[in-house]
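The sequence shown begins at 114 in the numbering used here and counts up by one.
Be careful, since some hints might not be right.
As the list claims (entries may be wrong) - Here are the computed lysine-lysine pairs in the DSBU-like style, where the Cα-Cα straight-line distance is at most 35 Å: (1) K365 x K406; (2) K365 x K177; (3) K240 x K186; (4) K365 x K284; (5) K365 x K201; (6) K201 x K177.
Bear in mind the hints are in silico, worked out from the structure with no lab data behind them.
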Amino acid sequence: MRLILSAFAILFAASYLQAQITVTNSTFFAAGDTLRMASASNPEAIIAGPMGTNLTWDYSLLIKDSATQILVKDASLGSASASFPSAKVYQEVGFGETYFNITTNAITNLGFLTNGFAGVPVNITPKFNPALVVRRAPMSYFDINTTEASFLISFSTAIVPDTFFANLPLKPDSIRVNQMINRLDVVYSWGTINIPGGTYPCLRERRRTISETTVDLLIFGFWVDLGSLGIQFPGVGQDTTVAYHYFSSTEKEEIAVVTVNPANESETIDVQYKDNGVTSIYQPQPLTAQLFKGPQPAINQVQFDLLPLTHPADLAIVNAQGQLVLVRTGLTGLQTIDLSALASGTYFYRISANGQLMESGTLLRQE
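All chains should be built: construct the whole structure from the sequences, respecting the hints.
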């Protein structure tokens with residue numbers, strides 16, 4: 114009997130290990146790569162949800178708002194390459210250029226060339242010391258890492274337009290910008306994620322970042338904190354962010370990055386996801402009347418009026434963890450849907466017909 118139980122235990126452990134992936138450095142970007150990401154116009158349709166294993170995250174209802182292509186180039190081609198001699202590649206981004214080192218085990222952000230920082234309209238090249246880790250390998254379930262990075266850069270106000278100091282009683286001699294970053298990364302979930310145009314086995318890493326940025330002015334030989342003068346600028350002060358990063362073992366882009374409110378992680382602020390080059394089939398079509406008829410909140414039943422649709426409809430309901438909990442297909446006319454099998458809470462519904470999203474929204478269920 115013990116032999117049989119041991120055999121079952123070994124088989125169970127083997128199947129468990131096979132189900133979750135390990136992300137290797139084969140997913141690290143390199144010179145010549147083009148990374149394609151999309152920004153979602155409906156991030157509120159996604160809730161990251163709690164930790165777990167063998168989960169399914171259905172993010173296929175994301176609607177593309179904009180797309181970005183990031184070219185990864187050899188660092189020697191960058192205009193600030195001399196400032197980052199250990200960099201292997203750089204990327205052109207909206208504010209300038211970001212330089213990266215790539216090793217067997219990590220991609221690190223060495224610093225950047227920017228045309229403005231913390232409200233200061235000037236070209237500067239802050240360098241992280243130590244460098245900021247952006248990817249690790251190998252990455253496995255329940256990896257826990259801490260990351261610290263910071264930079265301190267000062268420059269003469271001679272290169273800053275005088276209009277920047279219009280509200281100050283006098284022009285300082287220099288400006289100093291200091292940023293410190295502390296981040297806790299925990300890979301505490303794995304499963305399968307669905308996004309428009311693709312399905313991927315993934316590891317999910319939760320990143321909690323605390324950053325603090327200060328700006329000092331050199332006045333009469335003394336450094337004075339800008340905040341002490343009652344002057345406020347965007348990006349100055351302490352900030353906390355929480356984001357969920359979804360990594361596959363085959364793609365160089367992150368499959369999704371879900372940024373949430375750190376004080377209420379059920380509130381999603383922003384979603385970026387891998388752009389597979391397709392327009393989401395869930396792009397809503399204009400209708401003259403709302404299909405969802407309530408009640409809101411619902412107790413045991415809700416109604417949908419599908420009479421305005423010219424094709425049979427499919428209804429899908431997703432829970433707050435992004436898991437599909439109810440599906441009905443081929444629906445027409447006035448439909449009453451039984452929700453008694455669902456627990457109390459917040460859900461998201463979507464109605465599609467003929468391959469297009471007709472309507473989506475929030476559905477509240479209470480006992």
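- Message: Run the distance test for K365 versus K406: straight-line Cα separation, threshold 35 Å.
- Response: violated (43 Å)
- Query: Do the alpha carbons of K365 and K177 lie within 35 Å of each other, as the hint requires?
  - Reply: The given pair, whose Cα atoms are some 20 Å apart, holds under the 35 Å limit.
- Straight-line alpha-carbon gap K365 to K201, limit 35 Å: holds (16 Å)
- Task: Assess, step by step, whether the Cα of K240 is no farther than 35 Å from the Cα of K186, and give holds or violated.
- Result: Status holds; Cα separation ~19 Å.
- Measure nothing beyond the straight line between the CA atoms of K201 and K177; if it is 35 Å or shorter, mark the hint as holding. Holds. K201 to K177 sits at ~32 Å (cutoff 35 Å).
- Pairwise hint evaluation, K284 against K365, where the allowed Cα distance is 35 Å at most: Roughly 47 Å between the alpha carbons, so the hint for K365 and K284 is violated.
Hints 1 and 4, counting from the list given before, are not met by this structure.
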